[in-house]
Amino acid sequence: MREIPLISVLMPARNAQKYLPMAIESILNQTFSDFELIILDDASEDKTFQIAQTSRDKRILVKHFSKRQGLAKIRQAGVDLSRGKLIAFLDSDDISLPDRLKLQVKFFERHKDVSILGSWTELIDGDGKRLNEIWKHITYPEYIKAFFLFRNCLTQSTVMMRKECFRKYGYRNDYWPAPDFDLWMRLSHEFKIANMPVVLSYYRVTDKNMTGTHEKDIEKCTQKIFADNLRNLGVNPSNNEVKLHDSLERTAVSRQAGSIKKLELWLKRLITANAASKTYYPEIFRNVIGDYWFKTSLLNADKGLNTWKKYCNSSLQYNIYGKWKKSAFLFMACAVHRPVLVDVSSQSWHDLIYGKKMPVMREQ
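Numbered according to my numbering, the sequence shown spans residues 1 to 364.
Rather than coming from a laboratory, the hints here were simulated on the basis of the structure. Where a beta carbon is used, it is the ideal one built from N, C-alpha and C, also for glycine. A hint or two may mislead.
Straight line, CA to CA, 25 Å or less: simulated SDA-like cross-link-like pairs of lysine to any residue [said to hold, decoys possible]:
hint : residue 1 : residue 2
1    : Lys325    : Pro237
2    : Lys262    : Asp180
3    : Lys106    : Lys262
4    : Lys106    : Glu142
5    : Lys63     : Ala77
With beta-carbon atoms standing in for the labels, derived distance ranges [as the list claims (entries may be wrong)]:
hint : residue 1 : residue 2 : range
6    : Lys63     : Thr272    : 42 to 50 Å
7    : Gly128    : Asp217    : 25 to 33 Å
8    : Lys224    : Arg68     : 17 to 25 Å
9    : Leu81     : Asn236    : 22 to 30 Å
10   : Glu45     : Asp228    : 44 to 52 Å
11   : His337    : Asp80     : 55 to 63 Å
12   : Lys261    : Leu341    : 51 to 59 Å
13   : Leu341    : Tyr321    : 20 to 28 Å
14   : Glu3      : Pro282    : 30 to 38 Å
15   : Gln53     : Arg338    : 26 to 34 Å
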């Protein structure tokens, strides 16, 4: 019988013959070796299963499903098969950098209170060419928890979790095609989630990515997740209100006529709900709400200085840190009628606006 590893790496695969060898190699080449790699072939119609079986490395376990399982069931099957205390994920078309497992284990050893850990990720194309774009997710747990009300703050192929998280929670099949976001959102209310401020995986962008091939399905599922989370906050939203909430991360909708006033009232309602439910730390939640009010206003900068005046006159522009920087930036954008899109959930944004005054978890 094989020794029990510290880490179980789960790799679901479906018609993945083109990129699977590189994904497998990136795990076998890790500088940390105490792991098992579980490859889950979800009824592939190409040579995925045969490729998965080619390696003689004893740390690899291949599980073949003759009938299509779907994303939630295949991930849950991997969790059920896993033996490690830590579970890491890597999609079959992505790549883990050599030190990924070592650095994440080291982080967990130093931060016993963190249960789910991601990192930054760099984008590559179908040929493996780096696209000079890095997703720098926010790193601090309480901000991640608050931002989950508005968007996903983890990249699947960077995530490592303590297996104990699955004792109470699991993947839900009726949240396809975003069962990961659904799981992390629920976990965020009970477990601490952090991101390491370093690139540990390459995320491959192709025309077959889930976000491209199932965009409408993802939007519908995301709104379902938002509705769940809003109810947890104490808000029972209508379908139109869920769509309005979702528009905070959708540029075109946020710039529609009359949207800025509707969004202002909606954001104020969220602050009121949190004051009653105490779901999120009030100071942090107000900062996050203030950032989304700034983002909405900045997207409407083409309407001129009236947008800047509305922004300044609203109680939503309250922030303990960064208030004047944002006001000045918005004034300049409105003066030249130039809308700008900013990712207020990125670490780069927080470093720029808040600097060292904002609490951030960093690896020592």
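Cβ distance range 25 to 33 Å for Gly128 and Asp217, holds or violated
Because 28 Å falls inside the window, the suggested range holds.
Regarding Lys63 and Thr272, is the given constraint of 42 to 50 Å on their beta-carbon distance met?
Holds: the Cβ-Cβ distance is about 49 Å, inside 42 to 50 Å.
Consistency of beta-carbon spacing, Asp80 to His337, with hint 55 to 63 Å
holds (56 Å)
Check the hint pairing Lys106 with Glu142 against an upper bound of 25 Å on the C-alpha distance.
Holds, at roughly 21 Å.
When you take the CB atoms of Glu45 and Asp228, is the distance between them in 44 to 52 Å?
violated (34 Å)
Would the hint linking Lys106 and Lys262 be met if the CA-CA limit is 25 Å?
Violated, at about 46 Å.
Quick one, are Lys63 and Ala77 close enough, alpha carbons at most 25 Å?
Given that 25 Å is the threshold and the Cα spacing comes to 9 Å, the pair holds.
Against the range 30 to 38 Å, how does the distance between the Cβ atoms of Glu3 and Pro282 compare: consistent or not?
The hinted range 30 to 38 Å is violated for Glu3 and Pro282, with Cβ atoms some 48 Å apart.
Check the hint pairing Lys262 with Asp180 against an upper bound of 25 Å on the C-alpha distance.
violated (30 Å)
For the pair supplied as a hint, Lys325 and Pro237, is the alpha-carbon distance within the 25 Å limit?
Not OK: Lys325 and Pro237 at ~33 Å, beyond 25 Å, violated.
With respect to the beta-carbon atoms only, verify the hint that Leu81 and Asn236 lie 22 to 30 Å apart.
violated (39 Å)
Consistency of beta-carbon spacing, Leu341 to Lys261, with hint 51 to 59 Å
violated (20 Å)
Hint violations for this structure: numbers 1, 2, 3, 9, 10, 12, 14 and 15, all remaining hints satisfied.
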